[in-house]
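Colleague: Sequence:
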Amino acid sequence: ENIAKKHIENSNPGTKEDFSVVVSKFTHPLAKNMLDPYLYQKSRVDYARFYFADYVADIKVDNKPTPNLMSKLSIAENMPLYIICKKFESSQELTIAKDIMRQSKEGESRR
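Anchor point for the sequence shown: position 51 equals 51 in the numbering used here, and the numbering is continuous, going up by one each time.
None of these hints come from the bench; they were simulated from the model.
Among the clues, some could well be false.
Label-pair ranges, simulated between beta-carbon atoms [claimed, not checked]:
(1) S43 x S90: 44 to 50 Å
(2) K25 x S71: 34 to 40 Å
(3) K105 x P29: 17 to 23 Å
(4) K105 x C85: 15 to 21 Å
(5) Y82 x D18: 38 to 44 Å
(6) M101 x V61: 16 to 22 Å
(7) V21 x K105: 33 to 39 Å
(8) E108 x I84: 23 to 29 Å
(9) S11 x K87: 17 to 23 Å
(10) S90 x K5: 17 to 23 Å
(11) S109 x N2: 22 to 28 Å
(12) D99 x S11: 37 to 43 Å
(13) E89 x E9: 41 to 47 Å
Here are the computed lysine-lysine pairs in the DSS-like style, where the Cα-Cα straight-line distance is at most 25 Å [to be verified]:
(14) K6 x K25
(15) K72 x K87
(16) K105 x K6
(17) K64 x K6
(18) K6 x K16
(19) K87 x K98
Treat the numbers as computed from the prediction; the structure is a model and nothing was measured.
Even glycine gets a Cβ: it sits at the ideal position worked out from N, Cα and C.
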(Lines of atoms letter the chains of each structure in order from A and count residues from 1; the text may use other names and numbers.)
(Lines give C-alpha, C1' and ligand atoms only; values in the text may rest on other atoms or scores of the structure.)
Protein backbone atom coordinates (compact mmCIF):
# COMPACT_ATOMS: atom_id res chain seq x y z
CA GLU A 1 0.00 0.00 0.00
CA ASN A 2 2.81 2.44 0.87
CA ILE A 3 4.61 1.66 -2.38
CA ALA A 4 1.46 2.41 -4.39
CA LYS A 5 0.95 5.65 -2.46
CA LYS A 6 4.51 6.81 -3.24
CA HIS A 7 4.08 6.01 -6.91
CA ILE A 8 0.84 8.02 -7.03
CA GLU A 9 2.35 10.98 -5.14
CA ASN A 10 5.33 11.05 -7.53
CA SER A 11 3.25 10.46 -10.70
CA ASN A 12 5.46 7.42 -11.27
CA PRO A 13 3.81 4.17 -12.33
CA GLY A 14 6.88 2.21 -11.23
CA THR A 15 8.16 -0.84 -13.00
CA LYS A 16 6.24 -3.80 -14.30
CA GLU A 17 7.48 -5.75 -11.26
CA ASP A 18 6.06 -3.29 -8.69
CA PHE A 19 2.40 -4.04 -9.41
CA SER A 20 2.17 -6.30 -12.41
CA VAL A 21 -1.36 -6.39 -13.82
CA VAL A 22 -2.87 -9.06 -16.05
CA VAL A 23 -6.22 -8.32 -17.72
CA SER A 24 -8.72 -10.94 -18.80
CA LYS A 25 -12.23 -10.80 -20.24
CA PHE A 26 -15.15 -13.18 -20.12
CA THR A 27 -16.64 -13.83 -23.54
CA HIS A 28 -20.24 -14.52 -22.46
CA PRO A 29 -22.85 -11.70 -22.21
CA LEU A 30 -24.02 -12.96 -18.79
CA ALA A 31 -20.52 -12.41 -17.40
CA LYS A 32 -21.10 -8.69 -16.79
CA ASN A 33 -21.15 -8.96 -13.03
CA MET A 34 -19.40 -7.30 -10.12
CA LEU A 35 -18.01 -9.72 -7.58
CA ASP A 36 -16.08 -8.71 -4.50
CA PRO A 37 -12.31 -8.56 -4.92
CA TYR A 38 -10.29 -11.28 -3.24
CA LEU A 39 -6.69 -12.35 -2.61
CA TYR A 40 -5.20 -15.54 -4.05
CA GLN A 41 -1.83 -17.08 -4.84
CA LYS A 42 -0.38 -18.05 -8.21
CA SER A 43 2.98 -19.84 -8.11
CA ARG A 44 3.34 -18.77 -4.44
CA VAL A 45 2.97 -15.07 -5.37
CA ASP A 46 0.09 -13.05 -3.86
CA TYR A 47 -2.44 -11.43 -6.20
CA ALA A 48 -5.63 -9.43 -5.75
CA ARG A 49 -8.43 -10.07 -8.26
CA PHE A 50 -10.80 -7.22 -9.14
CA TYR A 51 -13.92 -7.46 -11.32
CA PHE A 52 -15.07 -4.71 -13.70
CA ALA A 53 -18.19 -5.99 -15.50
CA ASP A 54 -16.84 -8.68 -17.87
CA TYR A 55 -13.18 -7.68 -17.33
CA VAL A 56 -10.93 -9.03 -14.59
CA ALA A 57 -7.70 -7.46 -13.31
CA ASP A 58 -5.21 -9.64 -11.46
CA ILE A 59 -2.78 -7.35 -9.62
CA LYS A 60 0.39 -8.63 -7.97
CA VAL A 61 0.52 -7.49 -4.33
CA ASP A 62 3.74 -9.22 -3.37
CA ASN A 63 7.47 -8.38 -3.34
CA LYS A 64 8.31 -11.69 -4.99
CA PRO A 65 9.10 -11.74 -8.71
CA THR A 66 6.17 -12.10 -11.07
CA PRO A 67 5.77 -15.69 -12.30
CA ASN A 68 7.07 -16.12 -15.85
CA LEU A 69 3.73 -16.54 -17.67
CA MET A 70 2.09 -13.71 -15.71
CA SER A 71 5.11 -11.51 -16.47
CA LYS A 72 4.75 -12.10 -20.21
CA LEU A 73 1.05 -11.15 -20.07
CA SER A 74 1.39 -8.16 -17.70
CA ILE A 75 0.66 -4.62 -18.78
CA ALA A 76 3.95 -2.90 -19.64
CA GLU A 77 5.02 0.39 -21.16
CA ASN A 78 5.65 0.26 -24.93
CA MET A 79 4.31 -3.28 -25.13
CA PRO A 80 1.05 -4.63 -26.59
CA LEU A 81 -1.88 -4.97 -24.21
CA TYR A 82 -2.76 -8.64 -23.87
CA ILE A 83 -6.29 -9.51 -22.77
CA ILE A 84 -6.91 -13.15 -21.96
CA CYS A 85 -10.31 -14.37 -23.16
CA LYS A 86 -12.00 -16.71 -20.68
CA LYS A 87 -15.10 -18.89 -20.94
CA PHE A 88 -17.64 -17.80 -18.35
CA GLU A 89 -19.61 -21.03 -18.73
CA SER A 90 -16.78 -23.09 -17.18
CA SER A 91 -15.48 -20.51 -14.70
CA GLN A 92 -15.58 -20.44 -10.92
CA GLU A 93 -17.25 -17.03 -11.26
CA LEU A 94 -20.36 -18.63 -12.79
CA THR A 95 -20.60 -21.00 -9.81
CA ILE A 96 -20.25 -18.05 -7.42
CA ALA A 97 -22.88 -16.01 -9.31
CA LYS A 98 -25.32 -18.95 -9.19
CA ASP A 99 -24.76 -19.33 -5.43
CA ILE A 100 -25.38 -15.62 -4.87
CA MET A 101 -28.61 -15.73 -6.90
CA ARG A 102 -29.81 -18.86 -5.08
CA GLN A 103 -29.07 -17.33 -1.66
CA SER A 104 -30.82 -14.13 -2.69
CA LYS A 105 -33.95 -16.04 -3.75
CA GLU A 106 -33.91 -18.07 -0.52
CA GLY A 107 -33.64 -14.85 1.49
CA GLU A 108 -36.58 -13.30 -0.38
CA SER A 109 -38.76 -16.35 0.16
CA ARG A 110 -38.19 -16.16 3.94
CA ARG A 111 -39.48 -12.59 4.13
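Colleague: Are the hints correct? Go through all of them and say.
Modeller: Do the hints match the structure? See the list:
no.: 1; hint: S43 x S90: 44 to 50 Å; verdict: violated, 22 Å
no.: 2; hint: K25 x S71: 34 to 40 Å; verdict: violated, 20 Å
no.: 3; hint: K105 x P29: 17 to 23 Å; verdict: holds, 22 Å
no.: 4; hint: K105 x C85: 15 to 21 Å; verdict: violated, 31 Å
no.: 5; hint: Y82 x D18: 38 to 44 Å; verdict: violated, 19 Å
no.: 6; hint: M101 x V61: 16 to 22 Å; verdict: violated, 30 Å
no.: 7; hint: V21 x K105: 33 to 39 Å; verdict: holds, 35 Å
no.: 8; hint: E108 x I84: 23 to 29 Å; verdict: violated, 36 Å
no.: 9; hint: S11 x K87: 17 to 23 Å; verdict: violated, 38 Å
no.: 10; hint: S90 x K5: 17 to 23 Å; verdict: violated, 38 Å
no.: 11; hint: S109 x N2: 22 to 28 Å; verdict: violated, 47 Å
no.: 12; hint: D99 x S11: 37 to 43 Å; verdict: holds, 42 Å
no.: 13; hint: E89 x E9: 41 to 47 Å; verdict: holds, 43 Å
no.: 14; hint: K6 x K25; verdict: violated, 30 Å
no.: 15; hint: K72 x K87; verdict: holds, 21 Å
no.: 16; hint: K105 x K6; verdict: violated, 45 Å
no.: 17; hint: K64 x K6; verdict: holds, 19 Å
no.: 18; hint: K6 x K16; verdict: holds, 15 Å
no.: 19; hint: K87 x K98; verdict: holds, 16 Å
Checked against the numbered hints given earlier, the structure breaks hints 1, 2, 4, 5, 6, 8, 9, 10, 11, 14, 16 and satisfies all the rest.
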